[in-house]
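Q: Protein sequence lines, in the order shown, are assigned to chains X and P. Using the numbering used here, you'd call the opening residue of the first sequence number 1 and step up by one each time. Using the numbering used here, you'd call the opening residue of the second sequence number 225 and step up by one each time.
Bear in mind the hints are in silico, worked out from the structure with no lab data behind them. Some clues are possibly wrong.
Here are the computed lysine-lysine pairs in the DSS-like style, where the Cα-Cα straight-line distance is at most 27 Å [stated by the list, open to error]: (1) P:343 to P:356; (2) P:369 to P:306; (3) P:393 to P:343; (4) X:97 to P:306; (5) X:97 to P:356; (6) X:97 to P:369; (7) X:97 to P:343.
This one's a predicted model, so the numbers in the text were calculated from it and none came from an experiment.
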Amino acid sequence: MSQSYRQIFGDGLWNNNVAMGQMLALCPLLAVTTTATNGLGMGLASMVVLLLTNVIISSLRGIITPQVRIPVLIVLIATVVTLVDMAINALLHPLYKVLGLFIALIVTNCAILGRAESFAAKNGVRLAAADALAMGLGFTWVLIVIGGIREILGSGTLFSHASLLLGDSFAWLEITVIPNYSGILLSVLPPGAFIALGLLIAFKRVVDRRLKSGGTQQLVVPTL
Amino acid sequence: MATVASPSYRQRVSYHAGLLAGICCMVSMLLLIGNMESEEIISDHLEADKQFLLGQVLPAALYDNAPLREIEVLDNINGFTKPVEIAPATLAGQLSGVVLQSSVGGWGDNIQFIIAADKRGNITGVRVISHKETPGLADGIELDKSDWITRFNGHSLQSLTPSQWAVKKDGGEFDQFTGATITPRAMVNGVHRALEVMTEWQQQQLASQATQTGDKQLAQPSTPAAAIPAAEQPQQGVTP
Chain X
1 MSQSYRQIFG DGLWNNNVAM GQMLALCPLL AVTTTATNGL GMGLASMVVL
51 LLTNVIISSL RGIITPQVRI PVLIVLIATV VTLVDMAINA LLHPLYKVLG
101 LFIALIVTNC AILGRAESFA AKNGVRLAAA DALAMGLGFT WVLIVIGGIR
151 EILGSGTLFS HASLLLGDSF AWLEITVIPN YSGILLSVLP PGAFIALGLL
201 IAFKRVVDRR LKSGGTQQLV VPTL
Chain P
225 MATVASPSYR QRVSYHAGLL AGICCMVSML LLIGNMESEE IISDHLEADK
275 QFLLGQVLPA ALYDNAPLRE IEVLDNINGF TKPVEIAPAT LAGQLSGVVL
325 QSSVGGWGDN IQFIIAADKR GNITGVRVIS HKETPGLADG IELDKSDWIT
375 RFNGHSLQSL TPSQWAVKKD GGEFDQFTGA TITPRAMVNG VHRALEVMTE
425 WQQQQLASQA TQTGDKQLAQ PSTPAAAIPA AEQPQQGVTP
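The task is simple: from the sequences and hints, build the whole structure.
A: Now the structure itself:
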């Protein structure tokens with residue numbers, strides 16, 4: 001059942017990406033991506049949670065029996081999310097005011113349970129950590145891209161308020177792409193998230209098809 | 225999930241129950257520790273947030289008490305969608321202003337706001353705390369997006385007639401936003417109503433202060449307390 005790290009990162013970043021391949025975690029994805037900065041914050045928080053849960057569950061996999069695995073996994077995930085929620089509230093309070101609601105929602109983020117159940121519970125700690133990093137990075141870049149598209153179209157800026165999240169040394173990230181721009185309202189509203197995600201998924205399918213066009217044509221089916 | 229050599233005792237119900245119980249005990253301990261470590265820092269942050277908001281609407285020179293600790297909740301006030309929280313600002317024991325926090329119904333959902341006025345009823349500041357109005361159209365009520373909210377500053381029930389407390393479209397003094405009238409209209413009405421409530425409440429406070437001071441003087445007319453210097457007397461009503 002062991003996979004190479006190359007394969008794990010390929011899956012996480014592109015082939016079986018949380019948002020574009022597995023179609024999981026769409027609730028936080030659609031809700032927070034009004035700006036690229038929010039996407040980045042949510043992505044990093046999810047990655048930290050995923051890393052902790054994958055490592056914990058992978059190291060406990062010897063004593064957890066299949067019959068009670070779901071309640072045990074849920075209790076562990078809920079605990080880690082609560083601890084991360086408290087830590088961010090205490091240490092990164094400005095970020096918490098932006099993301100507070102969604103951090104608690106990571107509990108219901110099926111991607112975390114999905115990775116715990118389908119990967120961490122069957123693989124060693126190191127592989128599980130690699131998988132968490134790969135999946136977390138994959139989720140983060142999709143969040144940033146969707147947030148960036150919506151932010152540029154909606155308000156003409158990119159990474160606004162990034163210094164709030166990353167500290168003042170990252171103020172250079174805040175770019176005004178189109179000055180004096182009134183913005184396409186639709187892009188900031190919830191439908192904008194659906195449209196941006198749809199375009200991104202379509203783009204992935206086109207690329208996948210191009211890559212495979214020489215070999216066997218294969219239908220890309222979302223795998224859970 | 226099951227390892228290759230799964231011992232037979234792991235098939236027993238008692239093992240499952242024990243495992244669940246053990247995990248639950250472990251995580252409870254972790255959560256308890258986490259809560260103990262973070263509780264104080266988090267409540268400090270919340271306090272600082274509130275203090276920051278208060279500083280936005282009420283100039284620091286106007287008060288030396290902690291209005292956030294003297295909040296009174298008024299239920300069933302017309303014109304608001306949540307109970308009204310009202311607090312006095314005092315300077316050297318004298319009432320110097322009133323702070324009010326409540327919400328009004330906007331286009332999307334409740335618009336929660338905080339407003340303060342000095343003792344003459346002039347608005348010192350209004351800020352929107354949270355709202356769900358349409359971004360780009362009606363979010364000009366946020367200070368980040370527009371200075372619209374600062375145009376209430378200095379106004380009072382005397383400076384404008386009741387019919388002037390309206391958006392320009394309705395014949396009043398305040399601008400509406402292009403394509404969004406309901407949000408500014410709700411805010412203007414809310415601020416106007418808040419001023420009325422604050423004025424009434426301030427009069428009640430002053431009246432009850434006066435009677436308290438009066439009662440004390442009546443109750444002990446011949447004790448030395450009646451002979452305290454005039455300058456200290458206003459203190460009596462506020463710090464009984």
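Q: Regarding the pair residue 97 of chain X and residue 306 of chain P, is the alpha-carbon distance no greater than 27 Å?
A: Cα-Cα ~22 Å, so holds.
Q: Check whether the Cα positions of residue 343 of chain P and residue 356 of chain P lie no farther apart than 27 Å.
A: Outside the cut-off at roughly 32 Å; violated.
Q: Against the 27 Å threshold, does the CA-CA distance of residue 97 of chain X and residue 356 of chain P hold or violate the hint?
A: Holds, at roughly 15 Å.
Q: Tell me if the straight-line CA distance from residue 97 of chain X to residue 343 of chain P falls inside 27 Å.
A: Outside the cut-off at roughly 33 Å; violated.
Q: Residue 369 of chain P and residue 306 of chain P were given as a pair; does the straight-line alpha-carbon distance stay at or below 27 Å?
A: Distance of about 25 Å is within 27 Å: holds.
Q: Is residue 393 of chain P close enough to residue 343 of chain P, meaning Cα to Cα at most 27 Å?
A: Given pair residue 393 of chain P, residue 343 of chain P is violated - Cα atoms ~31 Å apart, limit 27 Å.
Q: Is residue 97 of chain X close enough to residue 369 of chain P, meaning Cα to Cα at most 27 Å?
A: 18 Å, holds
Checked against the numbered hints above, the structure breaks hints 1, 3 and 7 and satisfies the rest.
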